[in-house]
Amino acid sequence: MASHPATRTRRGPVAYLVRLLVIVYLFLLVAWPVYLVGKNTFADGMDNINGILEDPDIVHAISLTVQVAIIAVIINTLFGVGISLLLVRYDFRGKRLLSAMLDMPLSVSPIVVGLALVLVYGGRTGWFGPALEGMGFQVIFATPGIVLATVFVALPLVIREVVPVLEEVGEEQEQAARSLGANAWQTFRRITLPSIKWGVVYGVVLSLARSLGEFGAVKVVSGNVLGETRTATLVVEEKYLNFDKGGAYATAFLLALVAVACIIIVSVIRPKEDR
Amino acid sequence: MTSTALSPDRPATSRRPVRTGRPLTRVSGLGFGVAMMWFSLLVLIPLAAVVVTASAGGWSTFWQAVTNEQTAAAIELTVGTAFAVTLVNIVMGTMIAWVLVRDRFFGKRALEILIDVPFALPTIVAGLVLLSLYGRNSPLGVDIANTRPAVFLAFLFVTLPFVVRTVQPVLAELERDVEEAAMSLGASRFTVFRRIILPSLTPAIAAGAALSFARGVSEYGSLVLLSGNLPMKTEVTSVRILSSIENDNLDSAAAVATILLLISFVVIVLLDVIQRRMVRRG
Chain A
1 MASHPATRTR RGPVAYLVRL LVIVYLFLLV AWPVYLVGKN TFADGMDNIN GILEDPDIVH
61 AISLTVQVAI IAVIINTLFG VGISLLLVRY DFRGKRLLSA MLDMPLSVSP IVVGLALVLV
121 YGGRTGWFGP ALEGMGFQVI FATPGIVLAT VFVALPLVIR EVVPVLEEVG EEQEQAARSL
181 GANAWQTFRR ITLPSIKWGV VYGVVLSLAR SLGEFGAVKV VSGNVLGETR TATLVVEEKY
241 LNFDKGGAYA TAFLLALVAV ACIIIVSVIR PKEDR
Chain B
1 MTSTALSPDR PATSRRPVRT GRPLTRVSGL GFGVAMMWFS LLVLIPLAAV VVTASAGGWS
61 TFWQAVTNEQ TAAAIELTVG TAFAVTLVNI VMGTMIAWVL VRDRFFGKRA LEILIDVPFA
121 LPTIVAGLVL LSLYGRNSPL GVDIANTRPA VFLAFLFVTL PFVVRTVQPV LAELERDVEE
181 AAMSLGASRF TVFRRIILPS LTPAIAAGAA LSFARGVSEY GSLVLLSGNL PMKTEVTSVR
241 ILSSIENDNL DSAAAVATIL LLISFVVIVL LDVIQRRMVR RG
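Chains as they are written, first to last, in full-length UniProt numbering: chain A, 1 to 275; chain B, 1 to 282.
The hints are simulated quantities; they were obtained by calculation from the structure and are not laboratory data.
Every value quoted in this text rests on a predicted model; they were computed, and no experiment measured them.
Quick reminder that beta carbons are idealized off the backbone N, C-alpha and C, glycines included.
Each hint should be verified, as a subset may be incorrect.
Okay, the calculated beta carbon distance ranges per label pair [claimed, not checked]:
#1 Gly134(A) to Glu173(B): 50 to 58 Å
#2 Leu17(A) to Ala187(B): 19 to 27 Å
#3 Ala110(B) to Tyr16(A): 13 to 21 Å
Let's have the full structure, built from the sequences with the hints guiding it.
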């Protein structure tokens with residue numbers, strides 16, 4: 001549809017005006033500010049970057065962030081692909097409600113996410129927290145809480161990518177495979193998975209970007225203990241508020257670099273036929 | 001989504017299954033059970049805990065927490081700013097989508113990537129990013145740190161992609177024939193836009209506006225460094241909830257959080273209604 005010529009050759013002055021307005025708007029709102037963070041990071045050469053890479057607490061924070069993000073992405077990918085299959089291929093009561101509820105994490109404030117998890121898994125007054133701690137499993141103010149918060153905020157991303165692909169490919173091939181005697185697992189691995197592969201990849205990349213960058217929810221549940229439960233985004237805040245702007249800019253730059261890389265990867269590998 | 005939640009090239013309308021499938025088998029039923037248990041433990045029970053905790057003290061306690069002077073000011077600022085930002089997004093988002101679909105010039109691809117930056121950038125980094133152009137050492141000489149315009153700016157940044165990404169695919173699918181027919185019959189460009197393009201875009205714009213409003217109301221991270229969180233002045237609802245949590249006043253935190261949950265719930269219902277209308281039309 002969109003493959004027809006993008007414009008008539010004849011353009012009115014209004015079209016040029018709108019184009020100019022859009023470019024200026026995006027330049028002032030996004031491009032210039034993002035550029036400045038890079039510039040501030042390298043204002044003293046590599047000093048800022050080296051500074052954070054030599055600080056063991058920051059290295060710990062970065063590695064904690066990466067570990068949590070990887071665990072969260074694995075959980076969300078398994079859950080996301082599974083629930084997408086159920087939503088598209090099966091029929092059950094409350095499907096529409098479930099489908100709407102799955103989007104909930106996108107519009108809930110990260111602070112509310114943190115609060116909700118504390119109310120249930122908090123060690124002192126939570127619904128399940130004291131019992132879990134009795135079994136020696138601390139959730140809030142520990143790594144499992146950070147993982148839960150991260151999984152929560154990135155939950156719908158894989159589903160939103162996989163569901164439309166599953167709907168588009170239809171189930172004729174799956175039915176054919178089944179009628180030829182393939183079991184459920186074989187059908188999934190040989191037929192379904194290859195056809196939704198790219199949807200899953202986009203979902204994973206987007207979830208990874210979101211998981212590495214979660215701040216508010218993690219701030220509430222992590223306790224923000226230096227060298228233990230402080231994540232990379234919390235380092236940015238801490239450094240900035242303690243007047244170590246160089247460290248804040250350098251950490252922010254690393255996070256921004258990963259985020260922008262994720263967008264570019266998705267924009268490059270996404271099929272172009274819709275553009 | 002926060003996050004690149006909306007896929008750029010796909011109408012928000014068609015993503016959810018409408019047709020029916022097979023009934024659950026034994027294996028898929030088991031999978032369904034496991035998935036639902038995880039979803040309940042992670043999302044449903046915790047969100048229910050917020051509402052239950054908020055209502056545990058009875059209506060008067062809830063009302064007291066929500067109408068506390070400082071809290072009321074925060075809610076007013078958050079909702080008001082999110083509303084204003086959504087209005088800007090309706091106009092600018094539609095224009096950006098139009099440029100991305102209909103216009104063609106060198107560097108358009110870069111604009112595509114710029115639109116997604118606010119999705120993927122960690123919110124705390126977004127705050128720092130805006131501070132470097134609109135803070136104390138601004139190269140533009142514009143210092144709005146710790147003022148209300150800073151809240152507006154932060155919301156504008158994080159909600160940028162929503163209207164663009166919902167309108168863009170719908171605009172790309174529009175048939176040009178009708179527009180050309182109208183123009184050949186003497187309609188002006190403005191008339192074509194108002195009478196032909198705009199009506200088809202309205203549901204998508206509404207959906208994008210709802211998402212943008214919900215995102216604005218729930219924003220926290222980008223404001224931490226930018227707005228200074230001054231009570232009665234630049235403190236938003238999320239910050240208010242956080243300070244209740246930090247003061248160990250979970251009941252009042254839950255009360256205010258319930259208001260935010262209510263807003264996101266209304267938005268989700270609204271989106272569902274809009275999407276069903278779009279599906280019916282399409």
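Status of each hint after checking the structure:
{"no.": "1", "hint": "Gly134(A) to Glu173(B): 50 to 58 Å", "result": "holds (57 Å)"}
{"no.": "2", "hint": "Leu17(A) to Ala187(B): 19 to 27 Å", "result": "holds (20 Å)"}
{"no.": "3", "hint": "Ala110(B) to Tyr16(A): 13 to 21 Å", "result": "holds (18 Å)"}
Figure legend: structure checked against the earlier numbered hints; every hint is met.
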